[in-house]
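Model the full structure from these sequences, guided by the hints.
Protein sequence lines, in the order shown, are assigned to chains A and B.
Take any residue in the first sequence, count from 1 to its spot, add 275: that is its number in the numbering used here.
Take any residue in the second sequence, count from 1 to its spot, add 25: that is its number in the numbering used here.
Please note: incorrect hints may appear among the correct ones.
As the list claims (entries may be wrong) - In silico contact screen, one side only, chain B against chain A (beta carbon under 8 angstroms); selected entries:
id	residue
1	Q56
2	Q58
3	S59
4	I85
5	C87
If you are wondering where the hints come from, they were derived from the structure by calculation, not from laboratory data.
Positions of the beta carbon are idealized from the N, C-alpha and C atoms, including for glycine.
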Amino acid sequence: MATKTKKLTPLTGDQAVAEAMRQIEPDVVAAYPITPQTEIVMTFSQFVADGKVRTEMIPVESEHSAMSACVGSQAAGARTMTATSANGLALMWEIVYIAASTRLPIVMPVVNRALSGPINIHCDHSDTMGARDSGWIQIYSENAQQAYENTILAMRIAEHKDILLPVMVCQDGFITSHAVEGIELFDDDIVKKYIGEYKPVMPTLLDVDNPVTYGPLDLQDYYFEHKRQQAEAMKNAISLIPDIMAEFNKTFNRKHDLIEEYKMLDAEVAILVLSSTAGTTKAVVDDLRNKGHKVGLIRPEVFRPFPKQRIIEAASKAKVVAVLDRSDSFSSQGGPLFDEVKSAMYDADKKPILVDYIFGLGGRDISMEEIEGVYKELLDISKTGNIKNQINHLGVRE
Amino acid sequence: MLEVRWHGRGGQGAKTAAQFLAEAALELGKQIQSFPEYGPERAGAPIRTYTRIDDKPITIHCSVKEPEVVVVIDPTLLNTVDVTEGLKEDGILLVNSAEEPKVIREKLKFNKGKVATVDATKISLETLGIPMPNTPMLGALEKVKPLVSIDKLIDKIKAKFLKKIGEEKTNANIEGIKRAYEETKIG
Numbered sequence: 276m277a278t279k280t281k282k283l284t285p286l287t288g289d290q291a292v293a294e295a296m297r298q299i300e301p302d303v304v305a306a307y308p309i310t311p312q313t314e315i316v317m318t319f320s321q322f323v324a325d326g327k328v329r330t331e332m333i334p335v336e337s338e339h340s341a342m343s344a345c346v347g348s349q350a351a352g353a354r355t356m357t358a359t360s361a362n363g364l365a366l367m368w369e370i371v372y373i374a375a376s377t378r379l380p381i382v383m384p385v386v387n388r389a390l391s392g393p394i395n396i397h398c399d400h401s402d403t404m405g406a407r408d409s410g411w412i413q414i415y416s417e418n419a420q421q422a423y424e425n426t427i428l429a430m431r432i433a434e435h436k437d438i439l440l441p442v443m444v445c446q447d448g449f450i451t452s453h454a455v456e457g458i459e460l461f462d463d464d465i466v467k468k469y470i471g472e473y474k475p476v477m478p479t480l481l482d483v484d485n486p487v488t489y490g491p492l493d494l495q496d497y498y499f500e501h502k503r504q505q506a507e508a509m510k511n512a513i514s515l516i517p518d519i520m521a522e523f524n525k526t527f528n529r530k531h532d533l534i535e536e537y538k539m540l541d542a543e544v545a546i547l548v549l550s551s552t553a554g555t556t557k558a559v560v561d562d563l564r565n566k567g568h569k570v571g572l573i574r575p576e577v578f579r580p581f582p583k584q585r586i587i588e589a590a591s592k593a594k595v596v597a598v599l600d601r602s603d604s605f606s607s608q609g610g611p612l613f614d615e616v617k618s619a620m621y622d623a624d625k626k627p628i629l630v631d632y633i634f635g636l637g638g639r640d641i642s643m644e645e646i647e648g649v650y651k652e653l654l655d656i657s658k659t660g661n662i663k664n665q666i667n668h669l670g671v672r673e
Numbered sequence: 026m027l028e029v030r031w032h033g034r035g036g037q038g039a040k041t042a043a044q045f046l047a048e049a050a051l052e053l054g055k056q057i058q059s060f061p062e063y064g065p066e067r068a069g070a071p072i073r074t075y076t077r078i079d080d081k082p083i084t085i086h087c088s089v090k091e092p093e094v095v096v097v098i099d100p101t102l103l104n105t106v107d108v109t110e111g112l113k114e115d116g117i118l119l120v121n122s123a124e125e126p127k128v129i130r131e132k133l134k135f136n137k138g139k140v141a142t143v144d145a146t147k148i149s150l151e152t153l154g155i156p157m158p159n160t161p162m163l164g165a166l167e168k169v170k171p172l173v174s175i176d177k178l179i180d181k182i183k184a185k186f187l188k189k190i191g192e193e194k195t196n197a198n199i200e201g202i203k204r205a206y207e208e209t210k211i212g
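Here is the structure:
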């Protein structure tokens, strides 16, 4: 295969994403720093100050203003990015929905962090899970390398003429955003060629030959039709993302997919989990496989749109599947990922037993022993059919 | 996989040292991770940072519970932090201290593995003129657990510091690493 050794650069997940933004070189970045996203904005601002990019950097006074500036700028025909975390995402909420319904392909790295309160700066997915119905595409990255790659990939997904939706590129706060790993950065030229020049599909605010209005009042007469089109765009996304990923994989020699299946072929039981915990789980799968247990892992990379068919195909292979949720939806019936998986599996011909484990809230560490414990419980359920609790809390004092 | 835990106080360069070691290993073709444990951050507060080094890709993202090596950059932490927590049976404890290793063993009631000491604060004061013991500790670590070689550390110090702090201070850092390597006591 590869003959020359890949050069790896020591970078944190945040720095890696800032490098992707440097290579993409958007026309405009409007951002407000918030832990643990800060280093993205800090590093990218340095690139602007050093003249490494020609991006117009707008240091706004809040996230509400950040997303507002992004909407204006993208509607004016400028390729636009921002980045945020947790309460920053919460503060831009109103405009997050407007960005999606105005069909503006803004790409926003989100460094996942627990939403207050109580106030906490560490990782969980309560911030982006809350935004799952906002109309944004959501991609979750296992490590810093993936966060870097997904930021580049997201540009092509967002800007595809039959999608035109904003994308959140998520990674785990501190766990990957602040850990240094060896990152393979692609050549600037290849990334620039892959991204291409931004050519807005629709007429823009600055297109004086084709005057248009963005965001006008839209009442009973047409609001519904516009929402229907938005739903159609998300449907398009689920069928187009695999092709866009295939092209990315070919260009950069990678293996991105809607979901990743790890040792699922003959798996009797499986864990389904997003982001960095999937990496820790892989090591546990390897250990347990060495001891003769048929265990596997499913890692959805794309959560919005929800890759229903792929989840059904993967989860149906196992007898018991545990969903690990790094947030709670306080519905009293499990976390948001569990909800979605369970809902998808209603249409499956072969339905595995599903259980949920809420874990890692507020950055609580999840150990390999705890993950192994989940697999042991799953193997036990597989043998006896007895489920102690459908909804469990992992690693919490009770 | 080798896991190192560093104990220091905010501002002493424990994060820099952990990352420096990781970067040196990366340049030698190893897979690495380096990350701090973020709590309420303030200068002088006890902090822990980590380095993971392996020949294979590192996929885990959980915290380090049972390190093979513990490096204590600030000796006053011995009174307040359980620095040997989780340290493996055959592990290595390296402390910045003027004391003999056996004194540290008695103080911590630690009879396992290897204990090493080096007066990195004194070395740093005599070479750099400021108490910045983190770079000498890298030299001491190389003595007690050869991971990247002294030459590699020196190359990396030059590459990283020469432009930033000039030749005089860079050489002082290199001198600190060499002296710490020579003066480390193992017991």
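Now the hints, each set against the structure:
| no. | hint | result |
| --- | --- | --- |
| 1 | Q56 | 6 angstroms, holds |
| 2 | Q58 | 6 angstroms, holds |
| 3 | S59 | 4 angstroms, holds |
| 4 | I85 | 5 angstroms, holds |
| 5 | C87 | 5 angstroms, holds |
In the structure shown, no violation is registered for any of the earlier numbered hints.
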